[in-house]
Amino acid sequence: MSTFTVNGKTHGFNGDPEMPLLWYLRDLAGMTGTKFGCGRGLCGACTVHLDGTAVRACLTTMGSIDGRAITTIEGLTPDGNHPVQMAWRELNVAQCGYCQCGQIMQAASLLKATSKPTDSEIDAAMSGNICRCGTYPRIRAAIKRAAQGG
Amino acid sequence: MHAIAELELTNVSRRTFLRGIAAGTFVLAVRMSPSAFAQDKKYGGEAMSGGLKDDPRIFLSIADDGTVSLLCNRAEMGQGVRTSWALVVADELEADLARVKVLQASGDEARFGNQNTDGSRSMRHHFDPLRRIGAAARQMLEQEAAQRWRVPVSEVKADNHRVVHSASGRQLGYGELARGAAARPVPARQALVLKTPSQFRYIGRENLPLIDGFDITTGKAVYGIDAQVEGMAFAVVARPPVYGGKVKTFDATAALKVPGVLKVFAIEAPAVPSAFQPLGGIAIVAENTFAAIKGRGLLEIQWEDGPNGSYDSARFRRTLEASAAKPGKVVRNNGNVDAALARASRRVGASYYIPHLAQAPMEPPTATARVTDDACEVWGSLQAPEAIRSDLAKRFNLPLEKVTVHPLLLGGGFGRKSKPDFASEAAILSRAMGGRPVKVTFTREDDIQHSFFHTASVERLEAGLDPKGRPIAWLHRTVAPTIASIFTPNARNEAAFELGMGAVDMPFAIPNVRVENPEAAAHTRIGWLRSVSNIPHAFAIQSFVGELAATARRDPKDYLLGLIGPDRLIEAASMSDEWLYGEDPKLYPFDTGRLRRVVEKAASEAGWGRKLPRGRGLGIAAHRSFVSYTAVVVEVAVGRDGKLTIPRVDIAFDCGAVVNPDRVRAQLEGAVVWGISLAALGEISFKAGRAEQTNFHDYQVTRIDGAPAEIRTHLVRSTDFDKPLGGVGEPGLPPVAPALTNAIYAATGKRIRALPIRDQLAPTGRKT
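Protein sequence lines, in the order shown, are assigned to chains A and B. By the numbering used here, the letter at position 129 of the first sequence is numbered 129, and the numbering carries on one by one without gaps. Basically the numbering used here = 1-based index in the second sequence + 150.
In case anyone wonders, no lab produced these hints; they're calculated from the structure. This one's a predicted model, so the numbers in the text were calculated from it and none came from an experiment. One should not assume that every hint holds.
Pairs of lysine-lysine residues, derived as DSSO-like cross-links and limited to a Cα-Cα distance of at most 30 Å, are as follows [stated by the list, open to error]: (1) A:LYS116 / B:LYS793; (2) B:LYS793 / A:LYS144; (3) B:LYS345 / B:LYS873.
Not the full set, but computed from the structure, chain B residues with beta-carbon under 7 Å of chain A [what the hints assert, rightly or not]: (4) MET227; (5) THR368; (6) TYR373; (7) THR439; (8) GLY562; (9) ARG594; (10) ALA807; (11) PRO811; (12) ASP812; (13) GLY820; (14) VAL823; (15) TRP824; (16) ILE854; (17) ALA857.
Note that beta-carbon positions come from the ideal geometry of N, C-alpha and C, so glycine has one too.
Turn these sequences into a full structure, and let the hints steer you where they fit.
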């Protein structure tokens, strides 16, 4: 039995330790803000924070998170008004929106480490997050806007 | 429109509630407009299944607190249809957009009109009906207020969610008026007074917020894959890796030992061609998706590949090239090409190749179904909810009204989710599980290997030039497996809807034009992918224009404008275009002036002709598709090592009047990234009948570090909202790839004739 927190709430798990956190969140905990995109750490749609740092939930096994703190998009802020979320809305970044939870979690992690990222720092930090709708120019602009506000 | 308290909306069965209403005489009156009596061919939205509906009682309700609820009858997949629907109706309704909620209509074309969300049709077809829905409801509210105040209706006016009588200073909110207004007759279409563009508050306005913006950024938005149905099980399917193949033998012993795996079922393979049917295979149903995936990995399956087991796309390319070298079915013929070629002072020819592509939306195809003896319910990411509804009614021998389809948000579609094979699988498995709800998830590997692939194509172009380098003859051979092959055995020629995507509807002022379509057999499932056949046709034609300009030693933009020629309206029939995106040829002639203007706009905004450092270049291309006009200028920088970067793209676009400029710009930005992605990286290849790519490491798509540093969108906007609209979702894409390769030519002198570009720019790049 491992115990960990998701958005501050304690969870326990005693199933298959190989199960990725992604499927625990989605299928067992019913938290669907964390998205499935590739299952191999190639697209970033499932990005969550593990002890405050962005990781891919599809590569994070349930056997590896005992005692750790998970934050998902649902728990990034209580009111949905993280500077990154607000910037995303102000610039209408999303098209289909499916990848944006992962993009936002990645961007929030970036800004925590680098408060005023350059274009190339943004590209480097965000290149693991695919958006098929092609919202990249607005993602760059929104990260800069969030950095100014933060 | 219906005045109901918000609670009633969830308590009352929507089906019963709306069906009685939809059968009203108003709908009949609309149907019996004079043109409906004529035997004329129908065009546009009226020609689509279910047609167009504009009865406000079907789509609108206003609660006592004034909250307006609008049922959106088209699928949201990132094009912003839910936001744009709301702003059009709110504007004509004179409602406060912030008090409009958008609900998603279930699949029911008899009630809601056409719901097949593809072909860049939503706003193009539904703008006028949406305006009528809003205006009719507004007039009903005004009539109700006038009657209550006992004043002539001409003295009252709807104004931002209330009706006012300025003479007496009285006013009533929409919530107060709704119940009475709903009982009034719906005004006849001729009695509707639509706003003039100067009265618009939302239509045409920049930067309106997305209706789903908060939910999307907080993880609350519910996509097809997010459906949660009480008691559901989770499934994945091992499908035949070759199209037309089937299971020979399988052993599920190890799979069944995985904790959480519940059942293993064989799904029968369909006959080929299989249209939108699932491919068959072995399904694993489990208590969670991970257990299902793990179990599937332990299945031992022997496949029988069938006749497509030898499909090799590299060899197939040579087959296509050989076909393109020989005459084929003539699909357009103006003048005498052979004679003109014979007397030309110079002949130029080139062939272009684009491989198969997969749509790869970020949300893979996923659906959940519950099928019992007497009813069926489906939740999923479905571009065409009615298609799966009628399919399941037939499959389970149920009356149509016993099949309920809930379209949820689509995490991208790009054509893939107009085929509901995944929803059929969920339904088959729920039935097999005795009615337990089952969610079928395509893993990314499933998505990439079992797409309905974009065709693979060779386009051969030949021109005869006069002494000044202007073409007097144009011969185009287009060779590509057709989408028709998934419906019709041995279909080997492109359908009218494929030829009409840029091959025959070529507008250049050239006296002798012949387009031929040699045969090509399909060896995998071919399907629609954003912009469809416009992709290869525009790539070839606009690349060839660049090559001709170079031959003639002319500026590519000036040369392109010369080919477009004087402003004129070209009838589709004169180009043998039998498609025209289903639109009325009288309303949508090819307007070369509009094409010219977007070329000029893109060029001037991009600073065409400016001096650039070594290794940099500008390329231009233009194309009409989905009855809209696009021109693109790409700036590239190619490093000594062959590394390609894109500092800037300017895209000029004319879709007529613009309803929601922010979403039009977003679609253009996305089209630019899509075009660059497929040009730079996109390829699905086949060996032994199997797609060789499996996930985003080998089916590469453009990431943020490969996207243009800057995309500038330029809308060439009509202010006339009475003129027919053009499409938006797809027409931005086709000219992007050739503008990019034309820019590479300008920067390096290297002509890319086969996509993807990948390592072709490296000093020791691969030969194509």
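Checked hints:
The straight-line distance between the Cα atoms of LYS116 of chain A and LYS793 of chain B is roughly 27 Å, inside the 30 Å bound, and the hint therefore holds. A hinted pair counts as satisfied when its Cα atoms are at most 30 Å apart, and LYS793 of chain B with LYS144 of chain A qualifies at roughly 26 Å. For the proposed pair LYS345 of chain B and LYS873 of chain B, the alpha carbon gap of about 15 Å is at most 30 Å, so the pair holds. Hint on MET227 of chain B holds. Least Cβ distance to chain A is approximately 6 Å, under the 7 Å limit.
A hinted interface residue such as THR368 of chain B counts as satisfied when its beta carbon comes closer than 7 Å to some beta carbon of chain A; here the least separation is about 4 Å, so the hint holds. Hint status for TYR373 of chain B relative to chain A: holds, with the closest Cβ pair at about 6 Å, below 7 Å. Taking 7 Å as the C-beta cut-off, the interface hint given for THR439 of chain B holds, the closest approach to chain A being about 5 Å. With a cut of 7 Å, the hint placing GLY562 of chain B at the interface with chain A holds, because the nearest CB-to-CB distance is about 5 Å.
Annotation: interface hint on ARG594 of chain B holds; nearest CB of chain A at approximately 4 Å, less than 7 Å. The closest approach between the C-beta of ALA807 of chain B and any C-beta of chain A is roughly 20 Å, which is over the 7 Å cut-off, so the hint fails. At a threshold of 7 Å, the smallest CB-CB gap from PRO811 of chain B to chain A is about 11 Å, leaving the interface hint violated. Interface hint status for ASP812 of chain B: upheld, as the beta-carbon distance to the closest one in chain A is roughly 6 Å, under 7 Å.
At a threshold of 7 Å, the smallest CB-CB gap from GLY820 of chain B to chain A is about 4 Å, leaving the interface hint in force. Contact between VAL823 of chain B and chain A, as hinted, is supported at the beta carbon level, the nearest pair being about 3 Å apart and thus within 7 Å. Residue-level restraint check for TRP824 of chain B holds (minimum Cβ-Cβ distance to chain A is 6 Å; threshold 7 Å). Checking ILE854 of chain B against chain A by beta carbon gives a least distance of about 4 Å; that is within 7 Å, so the hint holds.
Hint status for ALA857 of chain B relative to chain A: holds, with the closest Cβ pair at about 4 Å, below 7 Å.
When held up to the earlier numbered hints, the structure conflicts with 10 and 11 and fits the remainder.
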